Each structure stands twice: as structure tokens, then as C-alpha cells.
Amino acid sequence: MSDNTTLQELYQALILDHNKNPRNFRIIENPSLSKEGFNPVCGDHYHLYVTLNSEGDTILDIAFQGEGCAISKASASMMTAILKGKTVDEAEQLFQEFHDLLLRKLDPDKDPHHLGKLKVFSGIWKYPARVKCAGLSWHTLHAALNNTEGVTQTE
Amino acid sequence: MKLDVEKIRKDFPVLNQKVNGYPLAYFDNAATTLKPQSVIDALNSYYLKDTANIHRGVHTLSERATEKYEETRTAIQKFLNASSSQEIIFTKGTTESINLVANSFVPTFLQPGDEIIISHMEHHSNIVPWQMITEQTGTHLKVAPINHQGEIILSELKKLLTPRTKLLSIVAISNSLGTINPIKEIIELAHQQGAKVLIDAAQAVAHMAFDVTNLDIDFLAFSGHKIYGPTGVGVLYGKKELLKKMRPYQGGGDMIESVTFLKTTYNQLPYKFEAGTPPIAEVIALKESLNYLLKLGWKEIEEYEIYLRDYAKEKLLQVPGLRLIGEAQQKSAIHSFVLEKVHPHDIGTFMDQFGLALRTGHHCTQPVMEFFKVPATARASFSFYNTPEEIDRLQKALLHTVEFFS
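For the record, the sequence lines run as chains A and B.
For the first sequence, my numbering gives the first residue as 1, with consecutive numbering after it.
For the second sequence, my numbering gives the first residue as 156, with consecutive numbering after it.
No lab work stands behind these hints: they were computed from the structure.
Misleading hints may appear alongside valid ones.
What the hints assert, rightly or not - Taking lysine-lysine pairs in the DSSO-like style, the calculated list, with each CA pair at most 27 Å apart, reads:
1. 496(B) / 119(A)
2. 551(B) / 126(A)
3. 126(A) / 496(B)
4. 470(B) / 399(B)
Unchecked claim - According to the in silico footprint, chain B covers these stretches of chain A (three or more CB under 8 Å from chain B):
5. 6-16
6. 62-71
7. 88-101
8. 120-134
Remember, predicted model here, so these are calculated numbers, not experimental data.
Just so you know, even glycine gets a beta-carbon here, dropped at the ideal spot from N, CA and C.
Just chain A, same shape as in the assembly (with noise of 0.2 Å):
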């Protein structure tokens, strides 16, 4: 039972730890952005929170609450994690990359990208029902960033 090769590619050791051990797993009083992420599908359900410098270009912090799979929860926690200090073009660079990484449209050792430890989720691709639990904090902080109106939803 513990061979099986897609349990192992979809719940790597990283990814356990992330879920287990969630980074920046807190709310943010005051923040500059919050937005609410929902995958009704399945259950899986965030708010994010965003703290920018005064001119609005870098993230200065970045926080989530909620709850959902190990997948989400995963992702979300590696987002935060590597967000932090970017600057708001980083971050849509990244998010453009992490899309394409999820959707096969990126080879992590082939293409460049600035992804590093979110090459866990390099084979997600084979499973189209966890892609959107991958994909549902980066695509929250998408709309966030680009003031989308409503709750963020990955169906």
C-alpha cells in the first residue's frame, strides 16, 4: 500500500509538512487586501490576507485562514512563504508560472521559472480534480491583486 507511486507524487513529504504545519496561518488586522476563496466542490475555503507598502508595489505580508484539503492548504502555505517581499509584478510573474506549472504548460527542468520549492506540485497535472485545490489560493491572490469583485472560485 505504501509503494503506490501517485499517493507518493501527490502527498510528498513537503506538501504533508505544509498542511500539517501551515506557514503564515493567521490573520493580518488592518490589512491592505483580503479576498475569499471557495471551491464548493469540494469544501475547500480561505481568506487571504495582504499587507503592501504604501506605494502598493511589494508585498510586505502575507497571511491565510481557513480550511480545506492538504492539497489547498499546502499550496496556499508555499505561496505565503515565497510571496513574501516580492514585489507585486514578482508575484504575478509567479502566479502566471504556478498556472502553467498546474496545467502542464511549464517543464520545471526545462523552462525557466522562478518557482523553487513549489515544484512539488509539478505533477498535479494528472489529476484534474486536485488542480483547482492547488490552484484556488493563487488564483484568490490574483483577484486580490487585481481587484476582482466577489468570492474567488476555482470550479
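Let chain A serve as the given structure and place chain B on it in line with the hints.
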């Protein structure tokens, strides 16, 4: 007479496969049931031999198809012990049946300010049509509360009944909680108040007999695909005197008597509510699914499913951190559950890897999830082709999952 489960399983060709290297164990019967060969054969037979449109065709194939189509109507009348086949209407499924009642019964029989009651455990198909129509018609929707076992609180339901209550729409067996509701009692309460009752029997009709005459049911809705029949077809049973007065639901061919641009008159029952070409093959095949069930016998089916229900509950409760959601005193062979450290979506993926088909999510009952303060549940729903060995595999897989995430 006990069921010969091994022999039954051979009748379901879909079971003959492996998923991720393991024999398929199908625990998602509340979502849809598997189909016996006889149902598949009947579907094919229409397309191979009897293809024609029904009603008003003079040629042989049309007469043959019409005869088989109407045979299913009579079979369902008998299945439900309805007084007339005019009371059996074919729809797309339970959802359409409920929408039909909402859009036809309500405008005909209710005045602004009148009330409709549903329960907190209803499926979205028995919530949203009422929300939509009450908004349109100025009528009010009230919700009977449930308790933490997942049962309707009858004393609270009684309080909601007023002289302005015109309709109760209640599920017979909850698809997410497994609760079997005391519909006989609820119908009596409603009728005492002068209200009609619609029973959502989508989940229930495959697991227990319904006698609409004896129970004095006003409307009953179910889907073919949940009773070992094909998708795309469902039934609305309604009392003749109500259906006769109700305005048509969809306009089109077949539901008319005569059409001119000055005036159109409507057809008699049941055709008044069957506009357009129906899912003919599916209706014909539906008769075979009823035959299959009746051949097995209600007593035998109920006995075995009670055994599966209790065996599964015992095995599930041995998994550390597992909490059952919905523990009604009267419960069917459906178990919704959560694990302390594992989100339902992850449970589902793990189970799938071992060939076990479970459903995870809100099961189209978001108010239930909110009530129990869970984001979603994993749900195992059983049928007479499941075995205790499959349940053992489920327990083993869950134990492994708990360990993996600890």
C-alpha cells in the same frame, strides 16, 4: 430467502474491472446506481430494433415503441400502487419533477402569503426550486429544523404548520445523512392542516417499497438512475385531481390537444405534462430495473442492506478519529463521515487509489454541512451488490490514510 450476492454481482457488468490495480468497490450508490445487464439490453434493444418516435405514429415500429413506453408507465403505477396510470408523468429526473410541481402547483393553488415547508436536510433540488418560485409568487418558504442526530424535529415542524401552509416538500431518505424520515406521520400532520405533501423519493425508492395510495401521498418524485435504471429519466407521481387543475409546465408538442394562433387547448393527463419527445429508450429500460428489484424482493433487499449498514458502521467506528455525520435512529445504508486530521477530498483520493469509489463534498446539501460545521464529508452508500469484504477493504484503506496523515 437470502440474496445470492455473488450471483447478483455477475448481473452488473461494470463491476468487472480494476481501478488502480484493485477490483472496483463501488460505494457511491447515492450518487448513481450501477445497471444490470437487462437494463442495458433494453436500452440497446430500442436502438437496435424498435427505433421510432412514440404516440400518433401509424407505422409498426412506432406502435411497438409506444406500447413499450406505455408499459413502463403501467409498471410504475403498479410499483407505486397508484390508482391510475394517468398519475405517472415521465420527467428528466427528480430535479425536474420537483421543478414541475414548484412551477405548476404553486401558481395554481397558492396565493401570495401562503406557505411552503421544507426541511433543513433537503437536497438543493428540493430547496432552490422553492426559493425561486416563492420569490416570484410572493409566497413564503419555511424550513423545519433538524437535530444533531440528523433528524427532523417533529415538534418544531408542527409549530411551522399554519392554516396558510399549502405544501410540504420533504425527503424520504437523506442522501447525505442517510436519515429515514417518518413520512407517514409527516403526511398526516400536513393533511390535518390542509396542506399537500411532495415526497422526494430519489434516494428511497431503490431501498423500500412505496404505496402512494396507502400513504396518501400527493406528489412523489424519483430518478431512474438511482433505481438501477438509466440516466435522463425520472418520474413524478401526482394525484389526478391535483394534476388536472395544475397549469402545464412546459409547452410544446404532445401536451396539446389542438393548436391555432387564436387558441391552444391542452391534452389530457398525463400527456399535458410531457411536452416534446421524451427519453424513449430510457423509459423503456426503466421497466427492466423495476423488474430486477421486484425479482430480488423488498424483504430480502432490506434485510441485506440493514446488515451492510450495521457492518459498515461497526468497521468505520473502529477507525481512530472518524466521526459519523448523521446518526438518526432510523437510518439507511448511507454513512457520511469525517476524519480528524484528513480533509474529505484527501480521503476520496486515497480511497480511489485502492479501487474504492466514495463521494466527497457537500453532496448538494450545503445547509447540512453548515449545520454540522464541516466543510464536506466522505460518503459511503451501499447497495445489494456490495459485500462485507469490500467494507473490510474500506476500513483498511481508512486506517492507512489516518496513519499517513498523522
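Hints and how they fare:
no. : hint            : result
1   : 496(B) / 119(A) : holds, 25 Å
2   : 551(B) / 126(A) : holds, 26 Å
3   : 126(A) / 496(B) : holds, 25 Å
4   : 470(B) / 399(B) : violated, 51 Å
5   : 6-16            : holds (count 5)
6   : 62-71           : holds (count 5)
7   : 88-101          : violated (count 0)
8   : 120-134         : holds (count 4)
Checked against the numbered hints given earlier, this structure breaks hints 4 and 7; the rest are met.
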